[in-house]
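J.: Protein chains in written order, with numbering that gives the first Met the number 0: chain A, 0 to 185; chain B, 0 to 185; chain C, 0 to 185; chain D, 0 to 185; chain E, 0 to 185; chain F, 0 to 185.
It is worth saying that the hints were derived from the structure and are not from the lab.
Heads up, a few of these hints could be off.
Identical copies go unnamed one by one, so any copy, or any two together, can satisfy a pair.
What the hints assert, rightly or not - Calculated lysine to aspartate or glutamate pairs in the DMTMM-like style (CA-CA distance at most 25 Å, straight line):
no.	residue 1	residue 2
1	K84	E175
2	K84	E152
3	K133	E165
4	K84	E153
5	K91	E175
6	K133	D77
7	K91	E170
8	K91	D77
9	K84	D108
10	K84	D115
Quantities reported herein were computed from a predicted structural model and do not represent experimental measurements.
Number of protein chains: 6
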Amino acid sequence: MPQSSLLAALSALVPLARLPRTGWVMSGVAAPESIAAHAHGVSLLALALGPRVEPALDVDRAVALAAVHDAPEALLTDLPRTASKLLPAGAKRAAEQAAAQALLPPLSDLAQARFDEYLAEETREARFTRLCDKLHMGVMLVAYTRAGTRGLEEFGASLAALDCSEFSPCEALQEELLSAYRELRS
Amino acid sequence: MPQSSLLAALSALVPLARLPRTGWVMSGVAAPESIAAHAHGVSLLALALGPRVEPALDVDRAVALAAVHDAPEALLTDLPRTASKLLPAGAKRAAEQAAAQALLPPLSDLAQARFDEYLAEETREARFTRLCDKLHMGVMLVAYTRAGTRGLEEFGASLAALDCSEFSPCEALQEELLSAYRELRS
Amino acid sequence: MPQSSLLAALSALVPLARLPRTGWVMSGVAAPESIAAHAHGVSLLALALGPRVEPALDVDRAVALAAVHDAPEALLTDLPRTASKLLPAGAKRAAEQAAAQALLPPLSDLAQARFDEYLAEETREARFTRLCDKLHMGVMLVAYTRAGTRGLEEFGASLAALDCSEFSPCEALQEELLSAYRELRS
Amino acid sequence: MPQSSLLAALSALVPLARLPRTGWVMSGVAAPESIAAHAHGVSLLALALGPRVEPALDVDRAVALAAVHDAPEALLTDLPRTASKLLPAGAKRAAEQAAAQALLPPLSDLAQARFDEYLAEETREARFTRLCDKLHMGVMLVAYTRAGTRGLEEFGASLAALDCSEFSPCEALQEELLSAYRELRS
Amino acid sequence: MPQSSLLAALSALVPLARLPRTGWVMSGVAAPESIAAHAHGVSLLALALGPRVEPALDVDRAVALAAVHDAPEALLTDLPRTASKLLPAGAKRAAEQAAAQALLPPLSDLAQARFDEYLAEETREARFTRLCDKLHMGVMLVAYTRAGTRGLEEFGASLAALDCSEFSPCEALQEELLSAYRELRS
Amino acid sequence: MPQSSLLAALSALVPLARLPRTGWVMSGVAAPESIAAHAHGVSLLALALGPRVEPALDVDRAVALAAVHDAPEALLTDLPRTASKLLPAGAKRAAEQAAAQALLPPLSDLAQARFDEYLAEETREARFTRLCDKLHMGVMLVAYTRAGTRGLEEFGASLAALDCSEFSPCEALQEELLSAYRELRS
Numbered sequence: 000m001p002q003s004s005l006l007a008a009l010s011a012l013v014p015l016a017r018l019p020r021t022g023w024v025m026s027g028v029a030a031p032e033s034i035a036a037h038a039h040g041v042s043l044l045a046l047a048l049g050p051r052v053e054p055a056l057d058v059d060r061a062v063a064l065a066a067v068h069d070a071p072e073a074l075l076t077d078l079p080r081t082a083s084k085l086l087p088a089g090a091k092r093a094a095e096q097a098a099a100q101a102l103l104p105p106l107s108d109l110a111q112a113r114f115d116e117y118l119a120e121e122t123r124e125a126r127f128t129r130l131c132d133k134l135h136m137g138v139m140l141v142a143y144t145r146a147g148t149r150g151l152e153e154f155g156a157s158l159a160a161l162d163c164s165e166f167s168p169c170e171a172l173q174e175e176l177l178s179a180y181r182e183l184r185s
Numbered sequence: 000m001p002q003s004s005l006l007a008a009l010s011a012l013v014p015l016a017r018l019p020r021t022g023w024v025m026s027g028v029a030a031p032e033s034i035a036a037h038a039h040g041v042s043l044l045a046l047a048l049g050p051r052v053e054p055a056l057d058v059d060r061a062v063a064l065a066a067v068h069d070a071p072e073a074l075l076t077d078l079p080r081t082a083s084k085l086l087p088a089g090a091k092r093a094a095e096q097a098a099a100q101a102l103l104p105p106l107s108d109l110a111q112a113r114f115d116e117y118l119a120e121e122t123r124e125a126r127f128t129r130l131c132d133k134l135h136m137g138v139m140l141v142a143y144t145r146a147g148t149r150g151l152e153e154f155g156a157s158l159a160a161l162d163c164s165e166f167s168p169c170e171a172l173q174e175e176l177l178s179a180y181r182e183l184r185s
Numbered sequence: 000m001p002q003s004s005l006l007a008a009l010s011a012l013v014p015l016a017r018l019p020r021t022g023w024v025m026s027g028v029a030a031p032e033s034i035a036a037h038a039h040g041v042s043l044l045a046l047a048l049g050p051r052v053e054p055a056l057d058v059d060r061a062v063a064l065a066a067v068h069d070a071p072e073a074l075l076t077d078l079p080r081t082a083s084k085l086l087p088a089g090a091k092r093a094a095e096q097a098a099a100q101a102l103l104p105p106l107s108d109l110a111q112a113r114f115d116e117y118l119a120e121e122t123r124e125a126r127f128t129r130l131c132d133k134l135h136m137g138v139m140l141v142a143y144t145r146a147g148t149r150g151l152e153e154f155g156a157s158l159a160a161l162d163c164s165e166f167s168p169c170e171a172l173q174e175e176l177l178s179a180y181r182e183l184r185s
Numbered sequence: 000m001p002q003s004s005l006l007a008a009l010s011a012l013v014p015l016a017r018l019p020r021t022g023w024v025m026s027g028v029a030a031p032e033s034i035a036a037h038a039h040g041v042s043l044l045a046l047a048l049g050p051r052v053e054p055a056l057d058v059d060r061a062v063a064l065a066a067v068h069d070a071p072e073a074l075l076t077d078l079p080r081t082a083s084k085l086l087p088a089g090a091k092r093a094a095e096q097a098a099a100q101a102l103l104p105p106l107s108d109l110a111q112a113r114f115d116e117y118l119a120e121e122t123r124e125a126r127f128t129r130l131c132d133k134l135h136m137g138v139m140l141v142a143y144t145r146a147g148t149r150g151l152e153e154f155g156a157s158l159a160a161l162d163c164s165e166f167s168p169c170e171a172l173q174e175e176l177l178s179a180y181r182e183l184r185s
Numbered sequence: 000m001p002q003s004s005l006l007a008a009l010s011a012l013v014p015l016a017r018l019p020r021t022g023w024v025m026s027g028v029a030a031p032e033s034i035a036a037h038a039h040g041v042s043l044l045a046l047a048l049g050p051r052v053e054p055a056l057d058v059d060r061a062v063a064l065a066a067v068h069d070a071p072e073a074l075l076t077d078l079p080r081t082a083s084k085l086l087p088a089g090a091k092r093a094a095e096q097a098a099a100q101a102l103l104p105p106l107s108d109l110a111q112a113r114f115d116e117y118l119a120e121e122t123r124e125a126r127f128t129r130l131c132d133k134l135h136m137g138v139m140l141v142a143y144t145r146a147g148t149r150g151l152e153e154f155g156a157s158l159a160a161l162d163c164s165e166f167s168p169c170e171a172l173q174e175e176l177l178s179a180y181r182e183l184r185s
Numbered sequence: 000m001p002q003s004s005l006l007a008a009l010s011a012l013v014p015l016a017r018l019p020r021t022g023w024v025m026s027g028v029a030a031p032e033s034i035a036a037h038a039h040g041v042s043l044l045a046l047a048l049g050p051r052v053e054p055a056l057d058v059d060r061a062v063a064l065a066a067v068h069d070a071p072e073a074l075l076t077d078l079p080r081t082a083s084k085l086l087p088a089g090a091k092r093a094a095e096q097a098a099a100q101a102l103l104p105p106l107s108d109l110a111q112a113r114f115d116e117y118l119a120e121e122t123r124e125a126r127f128t129r130l131c132d133k134l135h136m137g138v139m140l141v142a143y144t145r146a147g148t149r150g151l152e153e154f155g156a157s158l159a160a161l162d163c164s165e166f167s168p169c170e171a172l173q174e175e176l177l178s179a180y181r182e183l184r185s
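Hey, can you work out the whole structure from these sequences and the hints?
T.: Rendered as structure tokens:
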């Protein structure tokens with residue numbers, strides 16, 4: 000790989016900092032977090048919840064899984080649920096894999112390996128990080144609701160439907176999020 | 000259909016006014032036009048170019064085709080070329096059809112009929128409106144370039160590659176757009 | 000008309016996609032729809048309500064009326080009610096006519112004809128489209144209120160005061176909008 | 000005047016902080032200064048240039064003139080040149096006077112007096128502040144051009160056409176602005 | 000001082016129009032006022048409240064104090080309370096003095112003198128303007144709350160804690176602001 | 000620590016997704032990346048460059064260092080160089096430590112440990128991540144310049160002055176960034 004491709008590879012990921020998380024935009028949040036800010040929030044959640052999990056996780060690796068987990072969206076954009084439901088079964092996942100294959104090997108084999116691990120959901124770290132991804136939506140749901148946004152009931156329902164049973168610290172946060180959200184809405 | 004579903008149907012289309020045209024965002028345009036503003040621009044292009052076409056088109060119908068042509072994006076969002084290339088052949092088109100089917104009949108059968116006509120590309124009005132869709136990207140390319148945005152070469156290449164031969168007024172505008180773009184870049 | 004003026008004419012309308020609807024800005028809506036997105040919303044309303052009107056309207060023409068109805072604002076900007084009340088009687092309307100005269104003939108005679116028809120309010124299509132213009136404000140009022148914006152009582156009062164009696168489908172939507180708005184505020 | 004009207008009067012001026020300077024928006028500046036930020040910039044210009052003027056001005060009063068000079072735009076919005084040219088002779092000025100009359104006496108007689116002085120252009124402070132208003136456009140023209148915005152030639156022409164001969168420090172700044180603008184464009 | 004430094008001095012203050020008031024951003028206000036717009040609001044408050052103060056103030060000078068009072072933030076940015084509490088005692092004030100010293104003398108000795116007076120809090124005009132600074136936060140608190148923002152309780156508490164006893168018109172406005180805020184929250 | 004404090008701790012970090020990187024704002028970038036998006040970009044850089052470093056680094060830990068390295072800015076905000084130069088020697092660093100102490104232990108001891116390691120610059124991973132922090136500024140400099148922003152020379156000078164000699168892959172990227180930046184500016 001010529002050195003000259005590294006800047007190209009990094010530049011291809013810059014849209015993550017520009018693209019907003021689509022679901023919030025559609026619901027009328029005026030200035031929602033970017034995809035990159037979301038991925039960062041998932042990393043912080045992994046750092047917060049990871050050390051509470053038993054048996055112990057490799058938390059640093061979970062943080063790295065969080066950092067790459069939405070990298071394909073630099074090409075695919077953040078497809079909201081309304082969009083992915085309209086695609087053929089497996090199409091979104093296949094597109095993510097193809098996008099990752101285009102974006103991550105030019106960064107490093109490690110970046111690609113971390114993404115593959117995330118997508119496969121076979122390791123505990125991968126399944127844990129996936130829950131952090133969903134719980135970060137809950138953190139932002141509470142933040143937007145606290146700041147006055149209304150009409151986010153679908154996000155609340157999605158948070159309530161999340162199965163966190165494998166990791167009890169995730170379950171505890173889920174409950175705290177739902178409780179805070181409901182109190183703000185009452 | 001109960002009358003009460005009309006507001007729900009109209010509300011489902013409000014995201015068109017909130018969602019930005021994704022390709023410009025990815026390229027760093029700070030405040031690009033929304034999908035709705037794009038659709039409006041295509042309507043204006045149809046009004047501008049339509050009366051110049053021979054033999055005569057039904058221009059009002061072309062304007063209506065323009066108004067609905069991106070309606071599915073209220074569910075699908077504006078998938079940039081980088082995204083649609085990653086989906087299976089035909090998946091984007093099928094998703095658009097399914098989205099239209101969910102969104103437009105609650106508005107009116109006419110809205111659905113206009114969308115179907117657009118997608119089928121069988122009438123001259125439909126093919127003409129499709130060119131207006133692409134040419135509007137060219138109008139914005141010139142506008143963003145004039146305002147100082149750089150790095151939009153892909154959009155310029157895409158404009159240059161457009162086959163406008165069926166409608167000579169479209170071809171004339173394409174040439175004018177390319178000429179203006181090139182002069183701004185020199 | 001030299002071909003070279005078409006791009007100039009189209010470029011003169013680009014501000015419609017950039018300028019926000021002023022009334023919402025003044026009331027604190029952080030990212031309201033642009034004038035162009037509003038015009039698109041009016042077109043969609045015409046497609047939704049038009050086919051329900053009896054006797055039948057020329058709905059496609061109404062869509063075209065909607066597409067051009069705010070074109071003068073590319074020069075005049077969206078003057079809020081607080082502004083137009085401060086201008087001499089008839090001044091806003093005269094300015095709109097002059098702006099249209101500068102902007103639309105370079106597009107096409109048809110564009111100008113559609114604007115003239117809209118302004119004259121003599122055809123049923125023109126009066127219907129004018130109601131769609133006002134009702135679109137109501138659709139956005141409900142959308143902004145659902146998303147948490149408050150303090151929009153003036154818009155609610157203006158919606159309630161609208162006389163939709165000529166077109167019963169407009170009247171039905173007005174009632175649905177008012178009912179939804181009031182429920183969201185209770 | 001009941002004390003309770005003071006908050007109402009201050010709230011009526013809040014749109015100055017929300018409304019962008021329209022001319023820049025129309026030219027594609029993505030996030031231009033608000034009307035309020037402009038007025039503040041004019042105040043700073045008065046503080047910078049005022050002490051250099053001979054014979055001496057009442058600079059503090061000029062700062063106060065700057066603070067109120069665009070207050071009517073809280074009702075009227077910032078009408079760009081393209082708009083005011085379409086209004087009858089004197090209509091914009093009359094509207095500004097009426098808007099000021101509605102907005103400023105509830106603040107204080109002094110606020111109204113400062114606005115009246117500004118509009119009358121009879122004192123040297125008023126004519127000086129009016130030049131500061133135009134020169135602030137020049138400061139922002141240089142700032143936006145330095146940051147990469149292009150297509151602002153009309154603003155440059157307007158700056159060049161300004162007659163600053165009554166106040167030589169204004170003339171010196173005008174020259175410096177034009178020189179900087181031209182160098183940035185070369 | 001060479002004339003050529005005036006544009007540099009003015010350009011160094013342009014960030015005031017770009018930088019948002021940080022506290023609102025942190026609380027989720029999507030598009031808060033800029034530092035410059037805040038300074039302008041303080042000027043308007045000085046014009047509103049100043050003439051009501053007895054014995055009489057030099058209101059024009061107070062307006063000039065308001066215009067420069069946050070000028071250092073063009074270098075320092077708007078440090079929220081959470082930030083200044085983390086700095087050593089006196090560090091923020093010393094930084095403001097140093098920033099003013101870098102920014103204001105190139106404008107004029109008068110600009111520097113007005114800033115020094117503001118910071119010293121020895122004159123009644125300076126102490127009055129400082130209250131206007133805090134009360135403007137209250138005006139915006141009411142405006143953002145009216146527009147639907149929630150979660151601003153800290154700002155309300157800060158407004159309630161303000162000691163306005165030296166200037167009874169300030170005290171009256173404080174009460175009106177608190178009353179309006181509480182009513183909006185009930 | 001009661002479980003109930005976890006949401007409070009996570010909410011305290013949400014401002015990272017809202018606060019823009021200040022330096023770009025001051026230079027006129029209309030919609031720069033947030034602090035959170037920057038931290039994410041640093042994580043990706045660590046994943047890209049880390050595996051190229053010899054002897055091998057613990058790349059996952061470097062990613063975690065990147066994730067927390069700017070966490071204090073949730074309280075302190077992103078102080079630009081112009082601000083930190085005005086603070087007493089060591090004041091910014093001490094404030095960051097105090098902010099981290101307030102923010103991170105409620106997340107987890109690990110989060111705090113990663114921050115402490117970053118700040119101490121004693122491990123190779125910490126020094127490497129610090130370079131990634133600076134190089135991410137270079138990636139965005141190229142991105143903003145490519146998109147048409149001008150006037151960013153200070154950022155270019157800062158990138159050129161960076162000492163990357165400890166990690167040759169960082170040095171290689173620095174050269175590639177400078178070369179791309181210079182070519183875009185020629």
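J.: State for each hint whether it applies.
T.: Here's how the hints hold up against the structure:
no. : hint           : verdict
1   : K84 with E175  : neither (29 Å within a copy, 29 Å between copies)
2   : K84 with E152  : within (19 Å within a copy, 33 Å between copies)
3   : K133 with E165 : within (14 Å within a copy, 39 Å between copies)
4   : K84 with E153  : within (15 Å within a copy, 30 Å between copies)
5   : K91 with E175  : neither (31 Å within a copy, 34 Å between copies)
6   : K133 with D77  : both (14 Å within a copy, 23 Å between copies)
7   : K91 with E170  : neither (27 Å within a copy, 37 Å between copies)
8   : K91 with D77   : both (11 Å within a copy, 15 Å between copies)
9   : K84 with D108  : between (31 Å within a copy, 24 Å between copies)
10  : K84 with D115  : both (23 Å within a copy, 21 Å between copies)
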